[in-house]
Structures are given as structure tokens and as C-alpha cells.
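Residues per chain, in single letters:
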Amino acid sequence: MKSSVRVRFFATAREAMGAASVDREVPASGSTIGAVLSGLAEEHPRLKPVLKGSRFVRNGRYVGGPRARVAPGDEIGVHPPYSGG
Amino acid sequence: MKSSVRVRFFATAREAMGAASVDREVPASGSTIGAVLSGLAEEHPRLKPVLKGSRFVRNGRYVGGPRARVAPGDEIGVHPPYSGG
Amino acid sequence: MTCEISSRPLSLSRVERHLGDPASGAVVFFIGRVRRESAGGRRTAALDYETDRAVVLARLRDLERQALRRFGARRVFLVHRVGRVRVGDASVIIGVAAPHRAMAFRAARFLIEELKREVPIWKSDRWARAPAGHRRRTRPRPRGARSPG
Amino acid sequence: MTCEISSRPLSLSRVERHLGDPASGAVVFFIGRVRRESAGGRRTAALDYETDRAVVLARLRDLERQALRRFGARRVFLVHRVGRVRVGDASVIIGVAAPHRAMAFRAARFLIEELKREVPIWKSDRWARAPAGHRRRTRPRPRGARSPG
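Protein chains in written order, with this note's numbering: chain A, 279 to 363; chain B, 279 to 363; chain C, 5 to 153; chain D, 5 to 153.
Next comes chain A alone, as it looks inside the complex (with noise of 0.2 Å):
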């Protein structure tokens, strides 16, 4: 069983994690997004601006806002503004 969430990152998002995905415990009963992201953005302070301008997915399809849940195995993407064309 798995007890983290991958948490994918994009463009500005993984030049200042430096990384393009990390994995992160969550309890069991689950956790959200915003707990998530907020925890990684402490330890990497470069995140924080990139993420008030991004959009967040879980599983494939777009979350409403941080408060939206994840379960251990849930893949997250974190998308700044998009820029293709």
C-alpha cells in the first residue's frame, strides 16, 4: 500500500523545486492539496510565488482550490500559466 502522493511539477514550478516530481507522505485518512503544496513550499521557499499563479490537478482532472482532498497514490500536478501556441 502505497503512503504518499507523487506531486508533479511544470515549467517554473519544477525550475524552483529542481526537481520535476516528489513523492509526500500523507496520513492514511488522507490530506489536501493545499497541506501538501504548503508543506513542500516551506522547505523550497522558491515555489510559494509560483504557486498562488498555478492551477493544481489531481488524477487527471482540475481541483477547485487547496482545500480539495488527496489520498496516499493520488498523483498532483502543479500547472503555472501555460504558455504554449
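Treat the hints with caution; some may be incorrect.
What the hints assert, rightly or not - Quick list of in silico lysine-lysine cross-link-like pairs, DSSO-like style, CA-CA up to 30 Å:
hint, chain 1, residue 1, chain 2, residue 2
1, A, K326, D, K120
2, B, K330, C, K120
3, C, K120, B, K326
No lab work stands behind these hints, which were simulated from the structure alone.
Dock chains B, C and D against chain A, hints included.
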């Protein structure tokens, strides 16, 4: 020496005339586009309404109006409204 | 030559090759195609296009110059077909390359609107297949209500 | 599949083949290309595009559905490149077939604007050739001021 102008008809003008072009005698001193076409419209009544909405070309250039001069050897084009694309 | 009148099928890739330009980040193509249309049980089989060759290329080039000047386009290619064009085939292709997309969209739209209004090209319908029970016929209908695009 | 993410060069004729439809009289293509740009003596050599593959196709398909529904488009094709894209190469191709040209232009414009805002794709610059006298370098600059198209 030519003593006529050639008048070329397109689209609905050609149908009204039943011909793609006709040659028309003009005086050696020249005439006007209006005079040439009025003469044709008298002989071919179906041409008259078509001329109203048409633009005219003399020797590859648009002319300002029916008073434009023509000389023997000129080529006149009758352009009903365009419908390309 | 970046303005053409052609009696052969039009090629998009040929137009594309004329629009290479490392300073143009945006390319917009417009393709007008003859589309299937029914009226009174008849069905469009093709359109016949005619033009006044004495004037048409100069008119197209004038449009090209306007697109370059007014919209900041860097490359323009215009080609229109003449003769019989079957349903599904392209009657006109316009390509514009410009530094930015807004310019390219505006220039392409301008070009097709002006082409329809200001360039001596005329179409007439060729109809196929009369209503069931009538015999097949093909005849021109020069002021057709329908125009592709 | 009418929405694609590709790490290989994009082909306009491939997009064109998907847009055949006898009821569509108008086709509009938009091509976004990486364009040459200089800044502080450096010059863009390429753009690197990345995407979140978990979401991107669903987002593109959602745009496609909107174009079909809101603008009366009958066929839509969207393809975006990922990985390194050199100057002059296409990063995105959008094709729309619709009965009339106004629909096709509007839908194509809508699609590229929405794609830039709502689809998880990111670019970063690759620069080539430092100012004269400096050594050659290539490094990413993720929030480049310039964007093709």
C-alpha cells in the same frame, strides 16, 4: 488599320448578349464606352439591366465611367458583379 | 509569382512552401471549397469559374500589396482556380505569413472578402441529378444563391 | 484522433486530409511557428515545449467540442508539438472546416486563443550565439517575452 473596338462580355453579360465578344465600329476620331454599349443595349435589350451594375475595363484598366474615351483597336470588358471565392 | 490563376487542382503544400519566413510566427490559410448544396431537388455537381485575364492578376497583386502594407503581413500567396471545379475541390487558397497571429488572421480575412468583391472572377453552378423520376441534366445557373465559403 | 501531441515535425497535409467534408465550403488553418528573435545580442535557436500528458488531450478535445458546438464548425483538427522545435518549424497546427468562412475564421481564432490560455503546454527558449566576443551558450529562459504567433 482597325476601325472597331472589341467588347468582351463576362458571366451574366455574356448570357444577355449570347456571345463572349463582339466587334463594334467606331469613328476614327474615337467614341465613348457609354456610346458603344448603349448601341449594343438597343440591339440586345437583355444587356441593359446588366450594364447598370457592371464595371468597365479598357485595355486592362478600369475606367471611371461611361464617358471614358475609346479608340479603334481598343478592347473593352464588361464586368457584372464579381462572385469569385 | 505569388498571385496565380490556375485551371489545375490547387495545392496547399505549394502555397505553404511560399510562406517560409523565420520572422513570421503565424501563418493563416483560407481555403474556399465547392460545397455540396441542394435546391429544388437538384444538387451542385460543380462550379464553373471564369475570369477576365486582362485584369485579374493585377487586381490580385493589388490586394497582396494592401495586405503587406496594412496588416504587417510578410508573405502572401493567392491562387484561384478557373474552369470547372468539382464539389470538395478548392476554388481558392489564400496564405498569409506574419509576425503575429492577429495580423495573419486579419490579413487573410481581408483578402478573401476583397477577392470576392474586387477581383474579376465569376462562378456559375453546374447541377447534377434532377429530382427522382426526372432525367439527368446539367445546366448553368449563373447567379446561384450559394457561394462556397 | 483529431487532437494530438506530437514530438515529430507537424504536417499540414496530414491535417488537411482530416478536413474533407463536402458540406464545408471554408477551411481555415492556423500554423504557429517558432520565429527568430533577438534579445540582448542573443538569438532564439529553438523553443522547448513540455506538457502534462495526464490532462492535455482531454483539454484539447474539450476545445474541439466547443468549436463544433459554438461556431458551427464541422471538422476540427488540433496538433501541438512537444520537445525541441527549431526556428521556422511549426509548434501548432489548427484546422477548421465549416460551411461558411465566417464560422471557420472565428472557430480557428477561438481555438488558438483558448489553446494558449487553457491547455497545459509550456514553452521555454533555447538561445544560440552569445554577443560577439562571448562564447556560445545554450540555456533555458522559461518566461520568455516572445511567443510565436
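Hint check:
The straight-line distance between the Cα atoms of K326 (chain A) and K120 (chain D) is roughly 24 Å, inside the 30 Å bound, and the hint therefore holds. Proximity of K330 (chain B) to K120 (chain C) is assessed by CA-CA distance (about 19 Å); at most 30 Å being required, the pair is judged to hold. In summary, the hint linking K120 (chain C) to K326 (chain B) is supported, as the alpha carbons are separated by about 24 Å, within the 30 Å threshold.
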